[in-house]
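Novice: Chain residues, written in single-letter form:
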Amino acid sequence: MKEIVFYILAAAILVGGLLAVTSRRIFRAAVYLLFSLIGIAGLYFYLNYEFIGAVQIVVYVGGIIVLMLFSIFLTQGSGEDMKKPLLGRVIFSALAAIFGCGLVMSFINGHEFTYSAKPALDPSAENIGFQMLNTAQYGYILPFEVVSMLLLASMIACIVIAIKIKVPAHAILPDNPRYHDDIDLPKELVLEENEVVA
Amino acid sequence: MNNIGLTHILFISCGLFFIGIYGFLTRRNLITMLMSIELILNSVNINFVAFNKFLWADKLDGLFFSLFNITIAAAEAAVAIAIIINLYRHYKSIDVEVTDTMKF
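The listed protein sequences derive, respectively, from chains A and P.
In terms of our numbering, the first sequence opens at residue 1 and continues consecutively.
In terms of our numbering, the second sequence opens at residue 1001 and continues consecutively.
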């Protein structure tokens, strides 16, 4: 019974991933990626790691996929199909992927893993939280704080990058030493050569 | 009965990794390239969790690496999408053949 569940999850992950990278409709590619990520969350649940499965669903399915769908609608929309990739590129990429996959799989197949005999630690939210916020040895408080700073920095960076810039006055006057002609101006702001600004 | 071992899960993550590589090499649209990167990152997460489960079940270190990976992947996706939206404002396209300068 457990094997059947495992193979269903494996099929969901691999078929979803394959369709996500080959579908020519960008919206469908995002939805196939969603199935693949849900399959991965199911794999975590299958391994009895409930906490990380829940994190996978919350962050990826609830966050990143929704962000991608929004960005699809904010940019090109879901209208037309994407262009077909060049045949030569497809052939060589597929060959590289297949041979790399075969190489790594042969390594995995030939390797003898030594399984640990120690008693398993329960991966419950209690144990995870205790070790993550622990300042003693093997505690993860420092990476936790660093990641929180990274999230703050990336949030500010997103706002700075994606915000629409209001054009400052010196940008539209060619005489100004700080004038910079790379900024995209709305048409009504571009002045003629001899026009005088009050 | 339960003959699903570490090797099976490593096969899945290996397949997923190279599917992501294939997509990254063939796609020419920035958002779909980002999707391929997400697949690659997820295959790495599966590896960490599987090694933790089967080889070092007395510790939780692989789990923590996966958790931090997921966090950083979320930050990366958010910044990448902000950049993509900004590029789309300039070039009216998110094709990598068109967006070939990084001038802001």
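Hints should not be assumed to be uniformly reliable.
Unchecked claim - Not everything, but these chain P residues come out facing chain A in the computed CB check (under 7 Å): (1) ILE1019; (2) LEU1060; (3) TYR1091; (4) VAL1096; (5) VAL1098.
Claimed, not checked - Taking lysine-lysine and the DSBU-like style, the derived pairs with C-alpha atoms no more than 35 Å apart in a straight line are: (6) A:LYS83 to P:LYS1092; (7) P:LYS1053 to A:LYS118; (8) A:LYS2 to P:LYS1059; (9) A:LYS84 to P:LYS1059; (10) P:LYS1059 to A:LYS118; (11) P:LYS1059 to A:LYS164.
Bear in mind the hints are in silico, worked out from the structure with no lab data behind them.
If you're wondering where the values come from, they're calculated on a predicted model, not measured in any experiment.
Using N, Cα and C, we set each Cβ at its ideal position, and we do this for glycine too.
Novice: Against the 35 Å threshold, does the CA-CA distance of LYS84 of chain A and LYS1059 of chain P hold or violate the hint?
Specialist: violated (47 Å)
Novice: The hint names TYR1091 of chain P as touching chain A; please verify it with the least Cβ-Cβ distance against 7 Å.
Specialist: violated (10 Å)
Novice: Taking the least C-beta to C-beta distance, is ILE1019 of chain P closer than 7 Å to chain A?
Specialist: OK, holds: ILE1019 of chain P within 7 Å of chain A, min 4 Å.
Novice: Would you check whether VAL1098 of chain P satisfies its interface hint, that is, whether its CB is within less than 7 Å of any CB in chain A?
Specialist: Constraint on VAL1098 of chain P not satisfied, violated at 12 Å.
Novice: Is it true that the CA of LYS1059 of chain P sits at most 35 Å from the CA of LYS164 of chain A?
Specialist: violated (47 Å)
Novice: What's the verdict on LYS1053 of chain P and LYS118 of chain A, does the C-alpha distance respect the 35 Å limit or exceed it?
Specialist: With Cα atoms ~12 Å apart, LYS1053 of chain P and LYS118 of chain A stay inside 35 Å; holds.
Novice: Can we keep the LEU1060 of chain P interface hint, with Cβ of chain A closer than 7 Å?
Specialist: At 6 Å from the nearest chain A Cβ, LEU1060 of chain P passes the 7 Å test, so the hint holds.
Novice: When you check the alpha-carbon spacing of LYS2 of chain A and LYS1059 of chain P, does it fall within 35 Å?
Specialist: Holds, at about 25 Å.
Novice: Are the Cα positions of LYS1059 of chain P and LYS118 of chain A separated by 35 Å at most?
Specialist: holds (10 Å)
Novice: Would the hint on VAL1096 of chain P stand, with a C-beta cut-off of 7 Å toward chain A?
Specialist: This interface hint is violated because 12 Å lies over the 7 Å limit.
Novice: Within a Cα-Cα threshold of 35 Å, do LYS83 of chain A and LYS1092 of chain P meet the stated pairing?
Specialist: Measuring from Cα to Cα gives roughly 16 Å; hence the hint holds.
In the structure shown, a violation is registered for the earlier hints numbered 3, 4, 5, 9 and 11, in ascending order.
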